[in-house]
Amino acid sequence: LTPILSPVPSIPVLLAFSRPSPPLPLIHPFPFLSIAVCPLRCHYGWQGPLCDQCVTFPGCVHGSCTEPWKCVCDTNWGGLLCDKDLNYCGTHQPCKNGGTCANTEPNEYQCLCQEGFRGQPGPARAQPDTPHSPG
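Mind the numbering: the sequence shown is residues 62 to 196 in my numbering, read in order.
Derived from the structure by calculation, the hints contain no laboratory data. Backbone N, C-alpha and C define an ideal beta-carbon position, used for all residues, glycine too. One thing to keep in mind: the hints can contain errors.
Here are the simulated distance ranges between beta carbons [what the hints assert, rightly or not]: (1) 173 x 105: 49 to 59 Å; (2) 158 x 105: 50 to 60 Å; (3) 111 x 173: 44 to 54 Å; (4) 173 x 126: 35 to 45 Å; (5) 152 x 120: 12 to 22 Å; (6) 129 x 175: 45 to 55 Å; (7) 133 x 157: 30 to 40 Å; (8) 112 x 137: 29 to 39 Å.
Input sequences plus hints: build the corresponding full structure.
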């Protein structure tokens, strides 16, 4: 390691034993300074140490972005904020006693009960299949 003198004459700074810094995502007026000395400000909608991570739409629950302020839903999630479970049956397995679950709407399902059982089909808050006695 060798001492490095500032190439800018108006800044008489001696950077002793400096190491090369990682590439910067923005044009930096003094690229020889490390990020710790001169922190970056990311463009609006971008974040992260290298300003290469987009900011999702506010309230985005199960999603990501490829450009700022988007909410691209993960698999089996839908809705504007990716907060609607499109596979409630697979995620929660609400039907019991051998009942077959069918996704009907986001966050809703219906249990198809086996003989000897009944359940109130409908939204996710409905009761699962329960045994009943004929009568």
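Hints, verified against the model:
Distance hint check for residue 173 and residue 105: the Cβ-Cβ separation is about 50 Å, which falls inside the suggested range of 49 to 59 Å. Checked against the hint of 50 to 60 Å, the pair residue 158 and residue 105 passes, with Cβ atoms roughly 54 Å apart. At about 51 Å, the beta-carbon gap between residue 111 and residue 173 stays in the expected band of 44 to 54 Å. Checked against the given bound of 35 to 45 Å, the beta carbons of residue 173 and residue 126, roughly 38 Å apart, stay inside it.
Restraint check, residue 152 to residue 120: a C-beta distance of roughly 20 Å satisfies the suggested window 12 to 22 Å. Taking the beta carbon of each, residue 129 and residue 175 are about 50 Å apart, inside 45 to 55 Å as hinted. Between residue 133 and residue 157 the Cβ separation comes to about 35 Å, which falls inside the hinted range of 30 to 40 Å. Judged by the Cβ atoms, the range 29 to 39 Å given for residue 112 and residue 137 holds: they are separated by roughly 31 Å.
Checked against the numbered hints given earlier, this structure breaks none of them.
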